[in-house]
Amino acid sequence: MSEKTPIKMLHDRVLVELDKEAGERRSSGGIVIPATAAMGARRLAWAKVVAVGPQARAVQAGDRVLFDADDKAEVEVHGELYVVMRERDVHAVAAERVGDAATGLYL
Amino acid sequence: MSEKTPIKMLHDRVLVELDKEAGERRSSGGIVIPATAAMGARRLAWAKVVAVGPQARAVQAGDRVLFDADDKAEVEVHGELYVVMRERDVHAVAAERVGDAATGLYL
Amino acid sequence: MSEKTPIKMLHDRVLVELDKEAGERRSSGGIVIPATAAMGARRLAWAKVVAVGPQARAVQAGDRVLFDADDKAEVEVHGELYVVMRERDVHAVAAERVGDAATGLYL
Amino acid sequence: MSEKTPIKMLHDRVLVELDKEAGERRSSGGIVIPATAAMGARRLAWAKVVAVGPQARAVQAGDRVLFDADDKAEVEVHGELYVVMRERDVHAVAAERVGDAATGLYL
Amino acid sequence: MSEKTPIKMLHDRVLVELDKEAGERRSSGGIVIPATAAMGARRLAWAKVVAVGPQARAVQAGDRVLFDADDKAEVEVHGELYVVMRERDVHAVAAERVGDAATGLYL
Amino acid sequence: MSEKTPIKMLHDRVLVELDKEAGERRSSGGIVIPATAAMGARRLAWAKVVAVGPQARAVQAGDRVLFDADDKAEVEVHGELYVVMRERDVHAVAAERVGDAATGLYL
Amino acid sequence: MSEKTPIKMLHDRVLVELDKEAGERRSSGGIVIPATAAMGARRLAWAKVVAVGPQARAVQAGDRVLFDADDKAEVEVHGELYVVMRERDVHAVAAERVGDAATGLYL
Chain U
1 MSEKTPIKML HDRVLVELDK EAGERRSSGG IVIPATAAMG ARRLAWAKVV AVGPQARAVQ
61 AGDRVLFDAD DKAEVEVHGE LYVVMRERDV HAVAAERVGD AATGLYL
Chain D
1001 MSEKTPIKML HDRVLVELDK EAGERRSSGG IVIPATAAMG ARRLAWAKVV AVGPQARAVQ
1061 AGDRVLFDAD DKAEVEVHGE LYVVMRERDV HAVAAERVGD AATGLYL
Chain B
2001 MSEKTPIKML HDRVLVELDK EAGERRSSGG IVIPATAAMG ARRLAWAKVV AVGPQARAVQ
2061 AGDRVLFDAD DKAEVEVHGE LYVVMRERDV HAVAAERVGD AATGLYL
Chain C
3001 MSEKTPIKML HDRVLVELDK EAGERRSSGG IVIPATAAMG ARRLAWAKVV AVGPQARAVQ
3061 AGDRVLFDAD DKAEVEVHGE LYVVMRERDV HAVAAERVGD AATGLYL
Chain R
4001 MSEKTPIKML HDRVLVELDK EAGERRSSGG IVIPATAAMG ARRLAWAKVV AVGPQARAVQ
4061 AGDRVLFDAD DKAEVEVHGE LYVVMRERDV HAVAAERVGD AATGLYL
Chain Y
5001 MSEKTPIKML HDRVLVELDK EAGERRSSGG IVIPATAAMG ARRLAWAKVV AVGPQARAVQ
5061 AGDRVLFDAD DKAEVEVHGE LYVVMRERDV HAVAAERVGD AATGLYL
Chain W
6001 MSEKTPIKML HDRVLVELDK EAGERRSSGG IVIPATAAMG ARRLAWAKVV AVGPQARAVQ
6061 AGDRVLFDAD DKAEVEVHGE LYVVMRERDV HAVAAERVGD AATGLYL
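Protein chains in written order, with our numbering: chain U, 1 to 107; chain D, 1001 to 1107; chain B, 2001 to 2107; chain C, 3001 to 3107; chain R, 4001 to 4107; chain Y, 5001 to 5107; chain W, 6001 to 6107.
In short, the hints are calculated from the structure, not lab data.
Just so we're clear, the structure is a prediction, and the values are computed from it rather than from any experiment.
Glycine residues also receive a C-beta, built at the ideal position from the N, C-alpha and C atoms.
A short list of chain W residues far from chain Y (calculated; beta carbon distances all over 12 Å):
(1) Asp-6019
(2) Glu-6096
(3) Gly-6099
Below are the DSBU-like pairs computed for lysine-lysine, each with C-alpha atoms no more than 30 Å apart in a straight line:
(4) B/Lys-2048 - C/Lys-3072
(5) D/Lys-1048 - B/Lys-2048
(6) R/Lys-4048 - C/Lys-3048
(7) R/Lys-4004 - R/Lys-4048
(8) D/Lys-1004 - D/Lys-1048
(9) D/Lys-1004 - U/Lys-48
(10) U/Lys-48 - D/Lys-1048
(11) C/Lys-3072 - R/Lys-4048
(12) Y/Lys-5048 - W/Lys-6048
(13) C/Lys-3048 - B/Lys-2048
(14) Y/Lys-5048 - W/Lys-6004
(15) C/Lys-3004 - B/Lys-2048
(16) C/Lys-3072 - C/Lys-3048
(17) W/Lys-6048 - U/Lys-48
(18) C/Lys-3048 - C/Lys-3004
(19) R/Lys-4004 - C/Lys-3072
(20) C/Lys-3048 - R/Lys-4004
(21) U/Lys-4 - W/Lys-6048
(22) U/Lys-4 - U/Lys-48
(23) R/Lys-4048 - Y/Lys-5048
(24) C/Lys-3072 - C/Lys-3004
(25) Y/Lys-5004 - Y/Lys-5048
(26) D/Lys-1048 - B/Lys-2004
(27) Y/Lys-5004 - R/Lys-4048
Work out the full structure: start from the sequences and follow the hints.
If you want it as structure tokens, here you go:
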């Protein structure tokens, strides 16, 4: 098979690129807390959307999305690691385009 | 990515700011009971709503909401810790605006 | 936040005040059986309703309700302990107002 | 609270009075088999209905009903032990009134 | 209570009489295999229908039915052991009346 | 009961006859791999359909069907072992009649 | 039975041929990471579609599909190993035909 076959997401799937630093958190005092330090809580993470399936309506390629990093499905394409999730499992989106609907928080 | 990307909640998600003291309870005699002391019961906690998704109808930013703290999903934005939940998992709301529908209890 | 913010229950939630003696049972001979003695059975308990959400229809503030005490969600407001449940998990109600529909049993 | 508050069942709940001897079975040869002897099978038991909620249609107060005794929810009222179940979990009813629909078996 | 109260099945329940030999299987060579020998598979068994609830449509009293014996609910009436199941959990019926719809297998 | 009672499948049930050799697989090099060698994967198997219930539409008696052998329900009729499954749990069918819809694979 | 019986997929099932190298991943530096190295994440894999059932609409024979390799159901046909899945469990498709809907990623 050629190295040029295009990839398309199906259903409501969202394909994201993990941030390199997604595995760790920084406390308000600047101390790095490893991802495994969060006990009794599920750990959410941000990642950049690469592509969405035809039934995903609220997120677009280029958005950054907030999702549950504890139950992620990974795939590697040419040495880069990606994660696949369902749009209904995305909690929030960070993007210039969200404008008025925004939370008052910024990434 | 700029530090100015606005964040928007999706679906029925509610983003809250945890009270600093949320991890502990005070008995009627004033003795502090650590959060882990509640055995055989789920522990509810109050937190202030920062933003809600478009399908959340009963709570607003600024409300304080009662939720189940034992199964929380955390995210950190610029050193502050937030929790994401679904509106249907919010048990009660404390806000000046609730007026007549109130319980007779006050926070 | 002021100490005067009114609290409102959401959805079908019911807020109850636990009876002080709810943790123990008395056998017909008057011997006190601690709550943990009931083996192989779920333990039901009575509690007084303080407030109900807008979708709760069969119980009212002031009623005493029968519920499953083994899976309770607790919240403390100013040193008093309350429990939150869903109305569909309430098994029975004891109240002067139930009149004709009553079981023939009295609390 | 007065000792005279009437109790009403909610939804499809059925309140039954356990038979004193419900905890044991007698083999066809008359040997008593303790309730815990039934291995790999759920144990059904008969009990007399005291009251039913407004959505229970197939059983009435005074009927004896067959139910799964392994997952029972108990409540004590004035020293007597009762069990609460949902009508859909009742397998059979024994009552003079069932007449023609009966199985040919008698209690 | 008199020993003459008739019993009626409710909903889609089916009451069956276990075959005396239901606990064991015989290999094609005639060797008896105890019921517990079947590993990694659920064990089905035949039993004779005594009565059915009003929502059971495909089986009748007198039929023999095939069901999953690993999850049975037992009740004893006057020293005889019966099993209660839901009609949807009955896999097959053996009866003279099935005629044309039959499998070509005979009991 | 006579040994001539015909058997009829109910609902969407499918009755199949296990292949004698169903318990083992052969690697492409011809080495026999016992069924238990497949780790971390569910093992599918082929079997011949003997009879189907009235709600089974895609398979017929005489077809060979592909199903999940790890969760099978077995019944023995006159010394022969059969398996019962639901049609929705059948993954594929091998039969002369499938013609044009076929996969290009042959059994 | 002849070795020429055609096979047809049922319902929404998808039959795929596993890539020979599906069991391992290569890091961006070219180091081979065995499949079991992915901890706390589900491992996705690519495979080529051989056939689809009549209710599968988004994938076709010849496509390569992305699926969750941790819960696969395997079947061997004449010494070759195949995997069966449901179309709704396919996350993405790689095929020349996807053209405009593609992610910008290529296999």
